[in-house]
Structures are given as C-alpha cells and as structure tokens.
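Order-wise, the sequence lines are chains P, G, D and U. Going by my numbering, the first residue of the first sequence is number 1, and it counts up by one from there. Going by my numbering, the first residue of the second sequence is number 1, and it counts up by one from there. Going by my numbering, the first residue of the third sequence is number 1, and it counts up by one from there. Going by my numbering, the first residue of the fourth sequence is number 1, and it counts up by one from there.
Hint data in this document are derived by calculation from the structure and do not stem from the laboratory. Just so you know, not all the hints are guaranteed correct.
Said to hold, decoys possible - Here's a subset of chain U near chain G, in silico, CB distances under 10 Å, partners left out:
id, residue
1, Phe21
2, Ala23
3, Glu55
4, Gly145
5, Tyr149
6, Val228
7, Arg229
8, Asp232
9, Glu241
Said to hold, decoys possible - With a cut-off of at most 27 Å between alpha-carbon atoms, the simulated DSS-like pairs for lysine-lysine come out as follows:
id, chain 1, residue 1, chain 2, residue 2
10, D, Lys89, U, Lys19
11, D, Lys110, U, Lys110
12, P, Lys110, G, Lys130
13, G, Lys108, P, Lys89
Claimed, not checked - Cβ-Cβ distance ranges computed for the label pairs, FRET-style:
id, chain 1, residue 1, chain 2, residue 2, range
14, P, Ala23, G, Glu81, 47 to 53 Å
15, G, Glu241, P, Arg41, 48 to 54 Å
16, U, Ala20, P, Ala23, 48 to 54 Å
The beta-carbon is built from N, C-alpha and C at its ideal position, and this holds for glycine as well.
Number of protein chains: 4
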Amino acid sequence: MEHASAPRVTVWNEYRHEKAFPAVAALYPRGIHEAIAAALRSAAGLEVGTATLDEPEHGLSAAVLESTDVLVWWGHMAHSEVSDEIVAKVRRRVLEGMGLIVLHSAHKSKIFKSLMGDTCSLRWREATDKERLWNVCPSHPISAGIGEYFELPIEEMYGEPFGIPTPDELIFISWFTGGEVFRSGATWRRGHGKIFYFRPGHETYPTFHEPTVQRIILNAVLWAAPSVRIPDVSPNVAPLEPLPADRDEASRFHVNSR
Amino acid sequence: MEHASAPRVTVWNEYRHEKAFPAVAALYPRGIHEAIAAALRSAAGLEVGTATLDEPEHGLSAAVLESTDVLVWWGHMAHSEVSDEIVAKVRRRVLEGMGLIVLHSAHKSKIFKSLMGDTCSLRWREATDKERLWNVCPSHPISAGIGEYFELPIEEMYGEPFGIPTPDELIFISWFTGGEVFRSGATWRRGHGKIFYFRPGHETYPTFHEPTVQRIILNAVLWAAPSVRIPDVSPNVAPLEPLPADRDEASRFHVNSR
Amino acid sequence: MEHASAPRVTVWNEYRHEKAFPAVAALYPRGIHEAIAAALRSAAGLEVGTATLDEPEHGLSAAVLESTDVLVWWGHMAHSEVSDEIVAKVRRRVLEGMGLIVLHSAHKSKIFKSLMGDTCSLRWREATDKERLWNVCPSHPISAGIGEYFELPIEEMYGEPFGIPTPDELIFISWFTGGEVFRSGATWRRGHGKIFYFRPGHETYPTFHEPTVQRIILNAVLWAAPSVRIPDVSPNVAPLEPLPADRDEASRFHVNSR
Amino acid sequence: MEHASAPRVTVWNEYRHEKAFPAVAALYPRGIHEAIAAALRSAAGLEVGTATLDEPEHGLSAAVLESTDVLVWWGHMAHSEVSDEIVAKVRRRVLEGMGLIVLHSAHKSKIFKSLMGDTCSLRWREATDKERLWNVCPSHPISAGIGEYFELPIEEMYGEPFGIPTPDELIFISWFTGGEVFRSGATWRRGHGKIFYFRPGHETYPTFHEPTVQRIILNAVLWAAPSVRIPDVSPNVAPLEPLPADRDEASRFHVNSR
Chain P
1 MEHASAPRVT VWNEYRHEKA FPAVAALYPR GIHEAIAAAL RSAAGLEVGT
51 ATLDEPEHGL SAAVLESTDV LVWWGHMAHS EVSDEIVAKV RRRVLEGMGL
101 IVLHSAHKSK IFKSLMGDTC SLRWREATDK ERLWNVCPSH PISAGIGEYF
151 ELPIEEMYGE PFGIPTPDEL IFISWFTGGE VFRSGATWRR GHGKIFYFRP
201 GHETYPTFHE PTVQRIILNA VLWAAPSVRI PDVSPNVAPL EPLPADRDEA
251 SRFHVNSR
Chain G
1 MEHASAPRVT VWNEYRHEKA FPAVAALYPR GIHEAIAAAL RSAAGLEVGT
51 ATLDEPEHGL SAAVLESTDV LVWWGHMAHS EVSDEIVAKV RRRVLEGMGL
101 IVLHSAHKSK IFKSLMGDTC SLRWREATDK ERLWNVCPSH PISAGIGEYF
151 ELPIEEMYGE PFGIPTPDEL IFISWFTGGE VFRSGATWRR GHGKIFYFRP
201 GHETYPTFHE PTVQRIILNA VLWAAPSVRI PDVSPNVAPL EPLPADRDEA
251 SRFHVNSR
Chain D
1 MEHASAPRVT VWNEYRHEKA FPAVAALYPR GIHEAIAAAL RSAAGLEVGT
51 ATLDEPEHGL SAAVLESTDV LVWWGHMAHS EVSDEIVAKV RRRVLEGMGL
101 IVLHSAHKSK IFKSLMGDTC SLRWREATDK ERLWNVCPSH PISAGIGEYF
151 ELPIEEMYGE PFGIPTPDEL IFISWFTGGE VFRSGATWRR GHGKIFYFRP
201 GHETYPTFHE PTVQRIILNA VLWAAPSVRI PDVSPNVAPL EPLPADRDEA
251 SRFHVNSR
Chain U
1 MEHASAPRVT VWNEYRHEKA FPAVAALYPR GIHEAIAAAL RSAAGLEVGT
51 ATLDEPEHGL SAAVLESTDV LVWWGHMAHS EVSDEIVAKV RRRVLEGMGL
101 IVLHSAHKSK IFKSLMGDTC SLRWREATDK ERLWNVCPSH PISAGIGEYF
151 ELPIEEMYGE PFGIPTPDEL IFISWFTGGE VFRSGATWRR GHGKIFYFRP
201 GHETYPTFHE PTVQRIILNA VLWAAPSVRI PDVSPNVAPL EPLPADRDEA
251 SRFHVNSR
C-alpha cells in the first residue's frame, strides 16, 4: 500500500513547562508543539496536528495514530507519566512505518528508549554554553542546504558518551564551549519506520524559533514520511520448493545417535 | 574495571518442552540448558551455571546476574511467563556489559525484543527442511574455523524478512530447502554489552548436540565476555573549558526578539 | 547547489558480448544498455543517454559526466580495458554526488572495486539455477512495491561470501536452487554519492526484459539521484573560537621533556 | 589457518620530516617509527619491526609483508612517492587478514584511500589548538581503560566533514579549542582485515611519546591481529543441491518471447 497524498504530521508535546514556568511561557506562549507545528504548517503539502500529555490518551487515540504519517515528540519532566499502553501503540505504529522525530530531552522518553533498546543516557549541563552543530553528512536530505555548520548561541549541553546503538546515519556532531562533543543528529530504521533524533531544544531557549532548526525538523519530517505501511506478522508458510520426503524418527535424529 | 579471570556463563532455558514432550526429553534428557552447559564446560577456562524459568526469580537472582559475564538464552512457548521485572534486570546487566547469546525461538523473547527495539518477527515452518548456514564473515571470532558453510539435516525453517535492526556484523545466512533465506547469525552492541543471535536450535531436533553448533556457541561466549563493567549514569557535569560569562535575559533570548 | 530538474541518467555498457555472441544479440539486439535505457525512458521525468566501452573515452567525456546525475554500469569480459583515467574521473563524480547503479558482473569492475575498497569476489556458476530474491527491506524506496520476493527462472549463480564492506542497507538476499545464498541488493554511500549494487543480469538471460528488474533499476535511479553536488576540498581553515596564545617551544614540547 | 603465536608488527614511516626539520628530529631523533616501535616492544608478546619509504621496496618486501600480522602506517609529505605496486601488495595483504593501523596524516595515504573508497578529505589547521578526545565506545578493546576522555595539549586540528564511509565502530570524537569536532578513532573491516584510523600524531608535537596514545596504538594492534588468513578467490563451483534439468533455448529465453 503506497502513500501518495500529503504527509500528515502530529506534533506531541509534554506541555508542562510552559504552564509551570513563566520564562518558558514567554518563549512558547502556545506551547512548544504549536511553535513547531506553525513552522511545519508554513510548508506546503503537510497536514499538521498536535497532541499533548494531559489530553485523553495523551492526544494519541487510535484514530489519531491511524492517520499520522510522522510523529514529532518533545518531552522532559514527565516521561514517567506517559502510559505504557500508549507507548506500546506508538511503538507498533512506528514499526509499521510511521516516522518518528525525537527532540532533545525526549532522548529519555519511553518511546525512544523502547525503540533503541539502549540506555540513551548522556552527560549534561544547563549553563551558558554555545553549541555549534557540524553537518557531517551534507548530502543527506535532512541536512541538505544547511551549510557546513550552524550555531545556537545558548543551549543546554549534552555530552558523550551517548548510550545509543550505532546510528544508521550520523548527520550532526555538536561542539560545546565547555569542552564536550555530541552526536546531535542521527537516524535509525526500526521495523518499517524511520527515526531521527535531533539534540537541540531546551525549553528555556528560543531554539524552536530558529529558522535553521525549523528547516531541519521539516526536512526530517519529509524524509521520515512512509511510502508503505506493513503490519507486523509472523506467518507460518508453506514451502516454495519441494521438501525432502518426510523421514522417520530414526533418520530425523541421526545426529543424536552418533 | 577490567575483567581478568575466567568468563562465568549462565545458560538459561525455559525448560518446559523437555518436561511436556517425550520426543524432546529423549533428545535432551536433562534439558537443553544442560546440553549446552556440558559442551561449554568441556572448554577450559569457563565457569558454567544454569537457570530455568520455573526456579525462583527464574534462576536469575541479583546474585546470579551479578556474577554472570555471559548469559545464553533459550525460550519458546512461555516467553510471556518471564516476569517483566527480571527482564528489566537482565537488560540492565547487558547494558552494563554482560554478553547475551540469544538462541533460535528466543528471537521472540522479551529480553531480545527489548534490546532490539523491533518486532523480531519472521516467517516459519516446521517441516523437513535442510538448513545450510553460509559463513559470510569467516574472519570473525564467532565463525573462525567453521569453514565455508555447515549443514543441519533437519531444522525448523525461519525466513526473511526478519524484523531486526541492521546488524553491526552479519555472520551467517541460511539457505533452506523450501526456498527461503535467513540472517542466521548476527551481532549488535547495546550499551556496553555484546549480543549474538544464532538461529538454529528447535527443540525437536538434536541441533545442540552438533559439534559445529557447540563450537559456535562457545566462540560466541568468548567473544561476548566483557572486559569492562560500566554502570548506567547520566551525570550533571561542570564545564572543562571556560564558558561565556552569564548573559542577561535580553541577550539569552535574543533570537526570539527578531 | 540543489538539483531541481529531471534526473539525467547515463547507461554504460561494455557492449562486447552482444557483438560477439549471436545468442546474446538475439536477447539484446541493440545492446544491454539500450534495453535498460528503453525501460528507464518509459518513466516520465528522466533524461536517458547511453555510453559504451568502444566509444572515444568510453563514451564518458567530461561533458557527459558533468551532465550525468546517475550512472548505470554493466561490464563483464573487458573490465581491464576500461582506462584508469576514466575510472578516476567517474570515481571523482560519484564522490561529488553522482549516483551509481552497479549491475551483475560489474561487481568486478574497476569503478566498483575502487569505491568499495574490497575484493568484491564471490563464488559463481553458470548453470540452470533458479534465483529467488527475498525483499528484506520492503519499506526501502528501491524495493517498495516489489512484494515479498520475486523469481528469475534461470540466472547465473553468485554465492557468498561476497567480498564487500558491510552495506549501509541490505535490500535483497537471493536463494539459488543449487544451495547458495547471496546479498543481491545493497547500498553504500561514498563521498556524497549513493551506490546500489544489484546482482541479476547475466548476458545470456533475458533478465533486463523482466518488468520487476526494470522497476528496481528505475527505483534505484530515483533513489540515487543527488540533491547536492559538493566538490572534494581539504581547506586550511581559521579557528572559529579564540585559541590559546602561542606558546614557546619549551611549552609546546613539554611532554617530550618529561 | 589459525594464528597462535605472538603478533608480528611492522611500523612503517615516511621518515622524511625527521631528516629535513631539526625541530622534528629533536622530538623523534630515531624517527616516528622507532618511537612507536619502542612503545610496542615494551609490551610482552609482540615482535616489532620497522620499514621506511626510502628503503628498497619501501621496506615492504614480499617477505616482510608475508610475516607481518599488523602494519602501522604514518606518512605525510610524500604519499605520492609510495609506489602503486607496493600499495597493491599491502592492500592484498590487508584483504587477506593483515591488520592496518592508520595514523594521523596517513588519512591521505594511497593505502587508506584505496581501502576506504572515499576522499578521506577533511578541514585542517596547524596552530595552538588543544585536542580533547572523547571515548564514545568505552567497552571497545581499543579504548578500554582509557577513561572518559584524554587531552593533547597541542595538536594539529582536523575537522569535519571527514570524507570516510560510515565506520563500523566509532570510538573517539575530538573537540578542538578552535571550534571543530572530528571522528578521531574509527574501525572498518575490509576483506578479512581490520583497520583502525587514529587521528593524533602531527610530526611537530610529542604525541607519540604520550603514554595514552601509545596504549591506544598497542590496544589497536592487539585488536587487529588476525586469527585467520584467507586468500582472495572467485571459485567456479558445482551445485550443492540438484539443479533443474537443463532446458532448451526456447524455455531458457521464455521471458524474452512475451
């Protein structure tokens, strides 16, 4: 089953910091999800919805997941409040082909850890670091047109070692003023779904208003949009070629009789 | 912390088929785990224990896991009876560095799926197929000395597509009489642990009595034995280089003011 | 520099068997290159040219390479007659971003070996084998829509081990009647160019008239078409951040004075 | 053929800067090769020889290559003077299983480029940068025991993008004072040989006297030592299973007759 129409995107946000902290609300008055969604909506050919933690089913009902081609995920302080049942449904959709864009502190989200099978741990510091993201794969659709590097004047620091499986593709490596490095953009395939992790986006900085960051998220959404949807099956199948005639017990277990 | 002494191996087995089915008991009278453990014990320099599903904590107490360098896992009909809590403990030990050898139908075990982050699904058939395993990486320590291929005169068929992340290393590809192929030996690193999946080993066949199969499992155990043990941490760290002086709110959020 | 217009394809063929062997000429009266080019031309939005060994510069002048987005390569009996100078030019274009589709016996072409850095050797047999190609990555653009597998009723056999670096993506694995398996479709990135190797296509069989084979080559061409072109440079660059003040010889070499 | 005795190492050096520049001679009076060889010799169980550009056959006669398990390579100003014939012989030995450790400016050596199939280009600057190498794979035998990171107080800067194929394993990422990052330690398998690239080691700095650098090179040599040697062959093989009876021309070419 191939996908022809416009990719349908759902931007999921924990949406707690914005309500709890005036400094965050000043940056993202309608929430991080709306800042990202607005940037995506300005691109022709995308249908963009949003969902947040405190909605019923975290905004991720079966109907929403069914009609989502790419899910963008931001979370930080409330990973443990995301229900295991919803995580299992999202995971199943990714494995069928839904794209997943994992932003910043969502490295410790249940959904990312369950798809990576790893700790997803890292070093961190909230301070006055500048981050410079080097484009190490400039011909990749996610980073094409971004240039050799771009800078974020202030961001939270994430440092190596980052507890992830070897990425299929490594796209960005960050340099931080304080002396650390980080694999800031990386892709993996799980089942039939494409996953992109992108490091920047601490809630107290205006990162999601940066045009370069918005462009990368848009590029990633287009890259992750599936062309097929393939349910998970484990079929018991008939042979395609003739098998040896059935053998009696003695011959079947001949090795044991050595 | 480096590891100098003999690798300590625990062979885990579901140990249900052997008790329920006389044909299986005839092949593995003391259980699949004891057949594998006996083969491993014949290699100098290994300490080998066993554990099974119906023991308390499935035989995988904190003390056992603490003193296990490589865990070998066989399961089939009772994956769902393995407690989530024990799976979480095993997963944590793998991510700290414990090796894990996953055999045959354990492709659908909770522990393997949780480390792969994928469906681990496949096509299958229990019939009279012959399996020929081609050694596609003959310089790997797991397959060194095995030769170009080896054959199992009768085995359950597993066929592609196999729902796994791209292996770090692909070591065996199987040919089946009935017309299928399968990635039968593959490795991944998760956290600091090394994982090897090895396809053969249906309970109704004498596969684990085959010297070549025994040698591959031994090779894999030696390959997976860790040299370090590194707990999972997410440290908040001080900078290693001087940071820019702290900036006032106006400059921190300058991008937003554009 | 981004690429907006229709991908421009050049199909390169050794074009010797067709002239030397009537059986091959009967199958491909205008040459393998024209059979492939005709199939590609039927797809809207491609500009398709051809080039052959015995043309001046093997048909690959600077102007042709300059205006080629994706190069398709078939060769067999005359790899050694391809000039090293032309190979170097093709290699440079691939590293700048040109796509390269390598067919069948071109596994031993100079251009493929020079981009793989490996032997590219394999086992082989020209006999009456049937080949069944399993689609192990059905969500990849190259194999999307192909189904679970497809069969070629008679083909030359290529068997593992295949002397290639671990592919970035493994797409097809072949099963052969005679008992062998083969990684029949695989991708790599080299520089900014995307490379796809596709196994089928012996000159004495009508493989390139098969609609499924034609579709895979078309899919691969579209997948490999570049979005950027990036020349190879090794720039000597100024620092982006202040360096430590220059130090005198004594301090520079302080380690040596220990 | 398995390898049991002590790994035999040959350290190859261009050995020109040491003769031309007094500052380099002051650091490495007997040459970079002797500094590395001395460090390796202090490890029990290694046989260590050296070879240099200006010896006959660059010191790499058939007999030397035949008896070398791991080759360490440093070159910089005279890559083009290494004969293509010797490079072809070294390449063949690597593909048969010889380990290869490629140091610093040898990223542009003929042998490394021919095994990578890529540009191996990078950004660079010879200035007063400090380099901090982060250990991103601390359970790998090459970096086990190195700690979270180590620093070189002054080194030449190499920056991304680095024109290499995706490494099989990424071990070190460097941070430079001037604002760049670099994949400073990485492994690949080519044929049956294991390759490690390690960035540090500019000739005007005492890098090869650093104990941590010496330990990493030793670790890499032990990691790359082969257990097998497998010549490159492309055998024409008989089938292992019965083939369909031979078919006449009409049926062989049935697809064409559609």
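Okay, the hints, checked on the actual structure:
no. : hint                           : result
1   : Phe21                          : violated, 31 Å
2   : Ala23                          : violated, 28 Å
3   : Glu55                          : violated, 30 Å
4   : Gly145                         : holds, 6 Å
5   : Tyr149                         : holds, 8 Å
6   : Val228                         : holds, 5 Å
7   : Arg229                         : holds, 9 Å
8   : Asp232                         : violated, 12 Å
9   : Glu241                         : holds, 8 Å
10  : D:Lys89 / U:Lys19              : violated, 36 Å
11  : D:Lys110 / U:Lys110            : holds, 16 Å
12  : P:Lys110 / G:Lys130            : violated, 42 Å
13  : G:Lys108 / P:Lys89             : holds, 18 Å
14  : P:Ala23 / G:Glu81: 47 to 53 Å  : holds, 50 Å
15  : G:Glu241 / P:Arg41: 48 to 54 Å : violated, 40 Å
16  : U:Ala20 / P:Ala23: 48 to 54 Å  : violated, 60 Å
Hint violations for this structure: numbers 1, 2, 3, 8, 10, 12, 15 and 16, all remaining hints satisfied.
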